[in-house]
Amino acid sequence: MRPKLLLTLLAFFFLNPHSQSQPQPLVPPVTQGFTCNPNRTRTRCQAYALYRASPPNFLDLASIADLFSVSRLMISKPTNISDPSAPLLPNQLLFVPITCSCNAINSTLAISSANLDYTIKSGDTFWFVSTDHFQNLTTYQSVEIVNPTLVPTKLEVGDSVIFPIFCRCPDQTQKSNQVNFMVSYVFQPSDTLSRLASTFGVSAKSISDVNGNSIKPLDTIFIPVNRLPVLPDSSNSSRNSSSPPPPPPLPPPSFVDKERKGLIRGLAIGVGVCGGFLVLLIGFGVYREVALRKRGGDEEEEKQKREFFVGKGLKEMEASLMADVSECLDKYRVFKIDELRDATDGFSDDCLIEGSVYKGEIDGVQYAIKKMKWNAREELKILQKVNHGNLVQLEGFCIDPQEANCYLVYEHIQNGSLHSWLHTDDKRRRELSWKSRVRIAIDVANGLQYIHEHTRPRVVHKDIKSSNILLDANMRAKIANFGLAKSGCNAITMHIVGTQGYIAPEYLVDGVVSTKMDVFAFGVVLLELVSGREAVDEEGNVLWGEAGGIAMEGGGKSPSPEGRKLEKVRSWVDEALMEESYSIESVVNVVTVAAACVQRDPVKRPSMVDVVYALCRSDELFFDVSEEGLNNPNVTAR
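Mapping of the sequence shown onto mature numbering (1 follows the signal peptide of the UniProt record, and there is no 0): residues -21 to -1, 1 to 617, in sequence order.
One or more hints might be untrue.
[Unchecked claim] Derived Cβ-Cβ restraints for the label pairs, each shown as a range:
| hint | residue 1 | residue 2 | range |
| --- | --- | --- | --- |
| 1 | D404 | I316 | 48 to 58 Å |
| 2 | D405 | L52 | 38 to 48 Å |
| 3 | T132 | N36 | 44 to 54 Å |
[To be verified] Below, a list of computed lysine-lysine pairs in the DSS-like style, where the Cα atoms sit at most 30 Å apart:
| hint | residue 1 | residue 2 |
| --- | --- | --- |
| 4 | K364 | K338 |
| 5 | K154 | K56 |
| 6 | K583 | K364 |
| 7 | K406 | K338 |
| 8 | K547 | K406 |
| 9 | K406 | K133 |
| 10 | K154 | K100 |
| 11 | K360 | K350 |
| 12 | K547 | K154 |
It is worth saying that the hints were derived from the structure and are not from the lab.
Computed from a prediction, not measured in an experiment: that's the story for all the values here.
Every residue gets a Cβ at the ideal spot worked out from N, C-alpha and C, and that includes glycine.
Given only the sequences and the hints, what does the whole structure look like? Please build it.
See below:
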């Protein structure tokens, strides 16, 4: 008996994922990952990972969505969860969407994976995050290979690490057999192929054809499916299971003998007639007084009830809103709604800057006040992490539970948006010298480099455009409006937002969110600075569509290819710059950078580090950037 008991305890200790602080796999799965050939594998595909909700940190969709850099809705829809905000049950199955691609690690190795950014926290190791957080959907050996510059034993809090989630795309044969997705699944000790096949609605042979016949516990395998199986909506079932059972039916009435029944019926009729007559006499005498008093009392009671429940609802709403921003209270000033109303004359149109942004003065200081419905939590969360001279500074916020509004209070930028200087006022456009335009471009590039390279996780602005670039009194540029910003990269979204003419093709088509979409939009802004033209013309043609041919050799009358290239660039430059002397080499440099930024393939676009370096090579920047000329838009370049 003792050996049996010892074996049972050991089996429970090693097989139960929560019996230790850091679960250990029985047999390591494929260590380096699943190799692929970048030349033969399609660029990317939609895949899914089956994930199990687990205590204590991953029992809600929000935390799991953050881990995989997706939205809660993207998990709740394929998983058949009607209420994305509801808590999850331990071990509840979830389908998490991932973007699978063949990623080259070095000249000899490429693995099929969805690369996710993860920020190291206290106590994290490659092994622990791989086995606990990502539940063996990757391995620590693969993480080490993908992150060659990081030393596993010297990780620091805040380090950004790529975790390659194992995945696979269907090949042509599988597609012809109606395989649309591969589901990454960690084989459990209690699993069998027949049970998995039944769960996913496929054959056991189709699973073994993809994964072979030597599947071991905790291996990541791939299940080929035409469509995802429908999981029960546990957000409803869990609630329904707690409902009390219906009460049992009442027993049927017993029969009474006929004689007693007749006697009771006669007495009931007599008493009923007499009682009814008496009630009429008494009721008629007091009807008017009672009715009048009751009417007044009911109205007062109804009023008190209404005030109570409305007040209670507002207090609960205010408490909820304050809980969302509690971590910001010590960093930003909390304004009162009366202060903002007084500063903006009740949010009058006279104080309106643009959209829902108002100008107001509080204690002698000018502010830009952004009015919005309560969806500012993500924007506040991101703004807490950024602090840079080329980003508009958040000064404080205000919540108004009466109307469920939130107000973000920013520093006021005196000279308005770059869009207004370039596209709404010819006089202003002519005042904007080439030197000032290059300086603006570098300011914006520096701001983007900061949020892409120096925040953890990286921040993607998602809405870079000339109207979100503000110019201060010295004509220095600051990036504004982080309302659409996303913390984390390489995510997929079904909800496409942005401004026509600035949206990167991969985001528009596939919903891919990455820093390269900001690079694309920045390239469009560069084209605006050079040409003075809108991102989209009146006929709906996008400006970036012409960028590929701007810096190409061809056209023109010059006998030399370089001469023809210069002619083409010069003919494309904003006519407002013709009155000043500028360096055509500087313009060619900026145009070349813009053309690189707006390439259709995001992989071929430069990083913002490369962009800043390339722009700073402009001949115009040999001037001292602190000279007075940069502070005066009327000063012309050499």
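So, going through the hints one by one against the coordinates:
A beta carbon spacing of about 35 Å between D404 and I316 contradicts the range 48 to 58 Å that was offered as a hint. Taking the beta carbon of each, D405 and L52 are about 45 Å apart, inside 38 to 48 Å as hinted. At roughly 24 Å, the beta-carbon separation of T132 and N36 lies outside the given 44 to 54 Å, and the hint is violated. Simply put, K364 and K338 have alpha-carbon atoms about 25 Å apart, close enough for the 30 Å limit, and the pair holds.
With a CA separation close to 24 Å, the supplied pair K154 and K56 stays within the 30 Å bound. Distance check on the hinted pair: K583 and K364 sit about 29 Å apart at the alpha-carbon level, within 30 Å; holds. Taking the CA atoms of K406 and K338, the gap is about 24 Å. The hint holds against a cut of 30 Å. Of the pairs offered as hints, the one joining K547 and K406 holds, with about 26 Å between alpha carbons and a cut-off of 30 Å not exceeded.
Distance hint between K406 and K133 is unfulfilled; the C-alpha atoms sit about 57 Å from each other, more than 30 Å. For a cut-off of 30 Å, the pair hint linking K154 to K100 is broken: about 41 Å separates their Cα positions. Taking the CA atoms of K360 and K350, the gap is near 17 Å; set against the 30 Å cutoff, the hint holds. A threshold of 30 Å between alpha carbons decides the hint, and for K547 with K154 the separation of about 47 Å lies outside it, so the pair is violated.
Of the numbered hints stated above, those contradicted by the structure are hints 1, 3, 9, 10 and 12, listed in ascending order.
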